[in-house]
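Engineer: With chain A held as given, fit chain B onto it using these hints.
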Amino acid sequence: LHRDVASASVAGKVFLNVRSFPFGVAALSMLVLALASGALLALRPPEHKKADITYWTFAKPHYEAYQKVIHKFEEEHHCKVDLELVSGQGLPQRLQAAFLADLDVPDMCEVEISSAGTFFRGPVEHIGFTDLTPRLKAEGLLDRMVASRFAPYTSRGHIFGLPHDVHPVQFGYRRDILEAAGVDVNKIETWDDFIAVGKKITIPDKRYMIEMSATGSSQLETCLFQRDGGYFDPTGNVIFDNDIAVETMKWYVPLVAPGSQSQIANTLSSSFGTVIAQGMEQGYFVGVMMPDWRSKIFESDIGHLTGKMALMPLPAVQKGGRRTSTWGGTMLGITKHCKNQDLAWELAKFFYTNEKDLAERFSLTNILPPLKAAWKQPIFNQPNPYWSDQKLGRLYADLAPEVPSQYTHPFINVAKSKFGEALTECVQYYSQHGDEGFEPFIRTTLKAKADEVRRQIGRNPY
Amino acid sequence: LSATTTVTRSRAQEGIAGGGGGYLRRQQRIAPYLFLSPFVILFLVFGTYPILKSLTLSLYATNGPRDEVFRGLANYSFLFGDPDFHTAVWNTAVYAFFSVFLQLPIALGLALLLSQRWVRAREFWRLAFFSPNLLGQVFVGVLFAVLYQPQFGLVNRGLNALTRHAIPLDTKWLDDPNLVMPALVMTSIWMYAGFNMIYFLAGLQAVDKDLYEAASVDGAGAWQQFLNVTVPGIKPVITFVLVTATLGSFQLFELPYILLNNGGGPKNAGLTIVMYLYDRGFVAGDLGYASAVGWTLALGMLIISLIQVRLTGALKEGR
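Protein chains in written order, with the working numbering: chain A, 1 to 462; chain B, 1 to 319.
For the record, the hints were derived by calculation from the structure and aren't laboratory data. Do not rely on the hints blindly, as some may be mistaken.
According to the in silico footprint, chain B covers these stretches of chain A (three or more CB under 8 angstroms from chain B) [to be verified]:
(1) 90 to 98
(2) 113 to 127
(3) 275 to 287
(4) 328 to 335
(5) 346 to 353
(6) 383 to 396
For every residue, glycine included, the Cβ atom is placed at its ideal position computed from N, Cα and C.
One chain only, chain A, in its complex shape (with noise of 0.2 angstroms):
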């Protein structure tokens, strides 16, 4: 009894002294509550990741095949490469937000094409990516890749990113129907050839001879492209109303309109996916545009019809012409956040100009390397049953030389989005009165929609 007694007492007294805490039992819970979490995190403070090198990629086949090869240059080096998988359309906002901000930064990263030219604003000192120029020029680099993959990260003379790829464009399409319909490709030299070809395969609703978008301008672009055409110059000034490009939309748009006595094109809602991959194999679309990339995913995609597909080089605008174009890219940039340069383009050598693991990455992806001395590898010249045994590697390098360049801006995105909407606009014209006043119609378009892009640039002082 008087133990229990005792203890009675002592709790009495804890209880009282916690009574007489400031602000009483609530507050001293709260704080007591803080505490403990404080020091909990304190304590066990979140894993800092300590690799010598951070690097962004939102490509995972380059993931995949980078995980392979890199404890080679881990070893080499004695460094810790931390390779992470961004999300595609995550990455250049993440990216973005990293430089604003300056935290979180990678220090190296994949950037695609269409977003590159956004990462260029500002003054040249204020782009979060380092001048590879000196480099470049330093190791021949300049001359052992393709030149004209270059030019969509190269800012007022300044190179910020290292070309991973050329991505050639072919016109990919369904062997097994052109033959059944005594159609040999061989003879297809020009756009048209093609046409004509094109406007007796196609049975309006049913078939296609290509998949062609009459609203985004994916296609469009890279029959711009072909033509030498763009959306800027080398300079940065706005160009799509130029004569060129007048011209391309004057001839693409009939062969995209619905209704149009040369429509010989259309699109589903999707270049991708299961979309394409229907369409593909129910011979709505006999072809599309293939560009080195896309070659893959119709082999995984579309796995069935192996054998059945095959590619041709573009059709030319002339007679002897250009047979291909471009459609897409990556650029490897290393951020000037990066506290070891020196070993970050180590890095970028390692996966850019390692020969043997090109080719064994363009196994994997058939994308075809910028690096020309790679395409001496065995493995281009392998032929591929899925594409009917034709030496896939070797049809996109003889291609690649021919390349188009094309040039980004800050803007680019800007400047894509009004060329859309004049593709749609002249769509529609051409949809409601033919040929009728077409071409004032496609002129005064296009300058209306460049000019737009150029308040907008004239706008902002960056």
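Structural biologist: This is chain B only, laid out in the frame that chain A set:
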């Protein structure tokens, strides 16, 4: 309780008498502020500061935090002449209009239907109509992008069969500028009509049943009962749903962004104000201009909400 109070008071009096009164009084004066301080501090840092910062940003031409040039109201004046902004405002207004005048009547109709005793398995239907809202907008966007496919999409297949080929299989819901908005509105009706139905159901249950009996005795038909009993009875709910649906419409982003493949669609036919804000701020990196868009949107929403509240007389009833 009274004993405890007495003890507490007497202790406080002892404290005062003992010279600690000033300390206790100070404690009692400061205590509420200290308890509120965590919220206030967090709100000031993460709420007020960004709001004020965005207001000042809207007066600058920016390229990240390092490059800022004061431009006064230039962003706003450019905004009012910007055709893309006009398109975004128009699209958003059209979407909001149909959200209010199509979606809410459908939601009310569903609520009225599912409050009838003769409807079998009412709970099941309520859940079924509400369940689309359990999915996120991103998921719905991905789902409907597939459903709206030309040639192979379920919507075209169904409509083509139902209309005996009057609606062609090749109908491009997401590629035809004239069809993008109907596609968006249909998707949002599918997603939100059931959600708003729940509010109306709750409102309907609160309407006094005696009033219907009285109206019936007075010879009122079903339509008159609806107009004179139901509508006044659920007026607060109507006002609430009207205001939230309108505000929600003006904040539309994820659904069209996903449905239209991360863009505004053909001719920007699906571009909304928030999409435009996102594009300018986070794709183009022009935070100053995006802030101007944001403030203009906030002001517009405030004005619209005030008009709605005034028209429905909600403030008067609140008093």
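Engineer: A separate judgement is required for each hint: does it hold in the structure or not?
Structural biologist: Each hint tested on the structure:
With a threshold of 8 angstroms between beta carbons, the proposed coverage of the region 90 to 98 of chain A by chain B holds, since 4 of its residues qualify and at least three are required. With 6 residues having a beta carbon nearer than 8 angstroms to a beta carbon of chain B, the region 113 to 127 of chain A meets the requirement of three or more and the stated coverage holds. Given a C-beta distance limit of less than 8 angstroms, the hint that chain B covers the region 275 to 287 of chain A holds, as 4 residues qualify and 3 suffice. Note: the region 328 to 335 of chain A has 0 residues with beta-carbon separation from chain B under 8 angstroms; the three-residue rule is not met and the coverage is violated.
Evaluation of the coverage hint for the region 346 to 353 of chain A: breached, as 0 residues show C-beta separations to chain B shorter than 8 angstroms, against a requirement of three. Restraint check on the region 383 to 396 of chain A versus chain B: 0 residues with Cβ-Cβ distances below 8 angstroms, three needed, restraint violated.
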